[in-house]
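Asker: This is what each chain is made of:
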Amino acid sequence: MTNPIEIHKHRHLKYLRTEILPTAFCSGCGCGTILNIFVNVIDEMGIDPNDIIAVTGIGCSSWIPSPYLAVDTLHTTHGRAIAFATGVKVMKPEKHVVVIAGDGDLSGIGGNHLIHAARRNIDLKVFLVNNFIYGMTGGQVSPTTPKETKTTTTPYGNSEQPFKITELVAAAGANYAARWTTYHIFKLKKAMKESIEKKGFSFIEIISQCPTSYGRKIGQKEGIDQLNHFKANSIDIKNKEKYSEEDLENKIVVGKFVERNRREFVDGLREINKKLAVSN
Amino acid sequence: MAKINKKFKLFIDEELCKGCNICVELCNLHVFDISPKINNKGYYIPVPERIEDCNGCQICELSCPELSLILEEIRL
Numbered sequence: 001m002t003n004p005i006e007i008h009k010h011r012h013l014k015y016l017r018t019e020i021l022p023t024a025f026c027s028g029c030g031c032g033t034i035l036n037i038f039v040n041v042i043d044e045m046g047i048d049p050n051d052i053i054a055v056t057g058i059g060c061s062s063w064i065p066s067p068y069l070a071v072d073t074l075h076t077t078h079g080r081a082i083a084f085a086t087g088v089k090v091m092k093p094e095k096h097v098v099v100i101a102g103d104g105d106l107s108g109i110g111g112n113h114l115i116h117a118a119r120r121n122i123d124l125k126v127f128l129v130n131n132f133i134y135g136m137t138g139g140q141v142s143p144t145t146p147k148e149t150k151t152t153t154t155p156y157g158n159s160e161q162p163f164k165i166t167e168l169v170a171a172a173g174a175n176y177a178a179r180w181t182t183y184h185i186f187k188l189k190k191a192m193k194e195s196i197e198k199k200g201f202s203f204i205e206i207i208s209q210c211p212t213s214y215g216r217k218i219g220q221k222e223g224i225d226q227l228n229h230f231k232a233n234s235i236d237i238k239n240k241e242k243y244s245e246e247d248l249e250n251k252i253v254v255g256k257f258v259e260r261n262r263r264e265f266v267d268g269l270r271e272i273n274k275k276l277a278v279s280n
Numbered sequence: 001m002a003k004i005n006k007k008f009k010l011f012i013d014e015e016l017c018k019g020c021n022i023c024v025e026l027c028n029l030h031v032f033d034i035s036p037k038i039n040n041k042g043y044y045i046p047v048p049e050r051i052e053d054c055n056g057c058q059i060c061e062l063s064c065p066e067l068s069l070i071l072e073e074i075r076l
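Chains A and B, in that order, are what the protein sequence lines are. Straight run, no breaks: the first sequence in our numbering ends on number 280. Straight run, no breaks: the second sequence in our numbering ends on number 76.
Hints are computed from structural coordinates only; laboratory data are not their basis. Treat the hints with caution; some may be incorrect.
Unchecked claim - A short list of chain B residues far from chain A (calculated; beta carbon distances all over 12 Å):
{"id": "1", "residue": "L29"}
{"id": "2", "residue": "S35"}
{"id": "3", "residue": "P36"}
{"id": "4", "residue": "V47"}
{"id": "5", "residue": "E49"}
{"id": "6", "residue": "R50"}
{"id": "7", "residue": "I51"}
{"id": "8", "residue": "N55"}
{"id": "9", "residue": "E61"}
{"id": "10", "residue": "E72"}
{"id": "11", "residue": "R75"}
{"id": "12", "residue": "L76"}
Said to hold, decoys possible - In silico contact screen, one side only, chain B against chain A (beta carbon under 8 Å); selected entries:
{"id": "13", "residue": "L16"}
{"id": "14", "residue": "K18"}
{"id": "15", "residue": "N21"}
{"id": "16", "residue": "D53"}
{"id": "17", "residue": "E66"}
{"id": "18", "residue": "I70"}
As the list claims (entries may be wrong) - Lysine-lysine pairs mimicking DSS-like chemistry, simulated, CA-CA at most 27 Å apart:
{"id": "19", "chain 1": "A", "residue 1": "K14", "chain 2": "A", "residue 2": "K147"}
{"id": "20", "chain 1": "A", "residue 1": "K199", "chain 2": "A", "residue 2": "K274"}
{"id": "21", "chain 1": "A", "residue 1": "K275", "chain 2": "B", "residue 2": "K6"}
{"id": "22", "chain 1": "A", "residue 1": "K217", "chain 2": "A", "residue 2": "K164"}
{"id": "23", "chain 1": "A", "residue 1": "K217", "chain 2": "A", "residue 2": "K193"}
{"id": "24", "chain 1": "A", "residue 1": "K189", "chain 2": "B", "residue 2": "K9"}
{"id": "25", "chain 1": "A", "residue 1": "K147", "chain 2": "A", "residue 2": "K275"}
{"id": "26", "chain 1": "A", "residue 1": "K189", "chain 2": "A", "residue 2": "K164"}
{"id": "27", "chain 1": "A", "residue 1": "K92", "chain 2": "A", "residue 2": "K193"}
{"id": "28", "chain 1": "B", "residue 1": "K9", "chain 2": "A", "residue 2": "K187"}
{"id": "29", "chain 1": "A", "residue 1": "K238", "chain 2": "A", "residue 2": "K193"}
{"id": "30", "chain 1": "B", "residue 1": "K9", "chain 2": "A", "residue 2": "K14"}
{"id": "31", "chain 1": "B", "residue 1": "K41", "chain 2": "A", "residue 2": "K190"}
{"id": "32", "chain 1": "A", "residue 1": "K187", "chain 2": "B", "residue 2": "K41"}
{"id": "33", "chain 1": "A", "residue 1": "K164", "chain 2": "A", "residue 2": "K274"}
{"id": "34", "chain 1": "A", "residue 1": "K95", "chain 2": "A", "residue 2": "K187"}
{"id": "35", "chain 1": "B", "residue 1": "K7", "chain 2": "A", "residue 2": "K14"}
{"id": "36", "chain 1": "B", "residue 1": "K7", "chain 2": "A", "residue 2": "K242"}
{"id": "37", "chain 1": "A", "residue 1": "K14", "chain 2": "B", "residue 2": "K41"}
{"id": "38", "chain 1": "A", "residue 1": "K217", "chain 2": "B", "residue 2": "K6"}
{"id": "39", "chain 1": "A", "residue 1": "K275", "chain 2": "A", "residue 2": "K92"}
{"id": "40", "chain 1": "A", "residue 1": "K92", "chain 2": "A", "residue 2": "K199"}
Here the structure is a predicted model, which means the values were calculated and not measured. All residues carry an ideal CB built from backbone N, CA and C; glycine is no exception.
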């Protein structure tokens, strides 16, 4: 008599829409790692999935919440994820409104929404998945593509300077801004927990690998090659002073950039509502 | 023949694994090997060949992009 084969399933699959698994992500893509860490965080923090509203835009990384997360999701037009999320948060301030989208979506097409949401300091949790390229459409240059990289639309090398998104959001007035990579999984998990607990605009830029559209162009064909590159080229923000600006150009500065306690947008809005209600 | 780890068990969900080898490369204790076995989607799935070395650090489980790696602690 043979023993029946034990089938083991991941304990966090209850947070996912399992009928469409395996994911549509390429083999070695970092988006799946971020999905894994996010469900781990909501499991450890004991957040009810019914209290989460995930908003997303267009792109590979926008597939992380929609369709895979089994929470209420809004899959919106290109670049407008934060604009939709602002409306959701104002009407439902008791919910955790999470935006997970890519660098092309949030910093390229929807760059204005990002900086103005940070300026208003509205209570959104924004996880920007930065893979340095417009991956889904075939590898076009994005606002975060490093200088001199050859892409589909810059076959002789990118002549533009990339955006430093975390620095930009921190300067725009966010309550929490951090940058981590898919190699720093435990730091990223801790940062996600901190950002969910923090009231106000919380932003994490997650540097992720794209083996298909970006890795192949720079000679890092597998996801693991890019992870090793992140490992070798990351500098903690505490050690940033030791390096000159030229040295930092091709490095990834990781860490928590800012944490402060400015007044939140919806709170300010409610105060005005109360004032007007009393005077009338 | 692989020895048995008294504290941790590792399972691979063969339906979900895409053979990206992130777990094989990131494991500091080199627990995994790429197996010659192909799953029904055509990927070479990893096997926890040296399971007795596993210290349960969760790197493989957390960095798995497909949630196909399951680490279980054996509670006595």
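Asker: If a hint holds in the structure, say so; if it doesn't, say that too.
Answerer: Right, here's what the structure says about each hint:
no.	hint	in the structure
1	L29	holds (16 Å)
2	S35	holds (16 Å)
3	P36	holds (18 Å)
4	V47	holds (14 Å)
5	E49	holds (18 Å)
6	R50	holds (19 Å)
7	I51	holds (14 Å)
8	N55	holds (15 Å)
9	E61	violated (8 Å)
10	E72	violated (8 Å)
11	R75	holds (14 Å)
12	L76	holds (19 Å)
13	L16	holds (5 Å)
14	K18	holds (4 Å)
15	N21	holds (6 Å)
16	D53	violated (20 Å)
17	E66	holds (5 Å)
18	I70	holds (5 Å)
19	K14(A) to K147(A)	violated (42 Å)
20	K199(A) to K274(A)	holds (21 Å)
21	K275(A) to K6(B)	violated (64 Å)
22	K217(A) to K164(A)	holds (22 Å)
23	K217(A) to K193(A)	violated (34 Å)
24	K189(A) to K9(B)	holds (23 Å)
25	K147(A) to K275(A)	violated (51 Å)
26	K189(A) to K164(A)	holds (22 Å)
27	K92(A) to K193(A)	holds (21 Å)
28	K9(B) to K187(A)	holds (25 Å)
29	K238(A) to K193(A)	holds (21 Å)
30	K9(B) to K14(A)	holds (21 Å)
31	K41(B) to K190(A)	violated (34 Å)
32	K187(A) to K41(B)	violated (33 Å)
33	K164(A) to K274(A)	violated (39 Å)
34	K95(A) to K187(A)	holds (25 Å)
35	K7(B) to K14(A)	holds (25 Å)
36	K7(B) to K242(A)	violated (43 Å)
37	K14(A) to K41(B)	holds (23 Å)
38	K217(A) to K6(B)	violated (45 Å)
39	K275(A) to K92(A)	holds (21 Å)
40	K92(A) to K199(A)	holds (15 Å)
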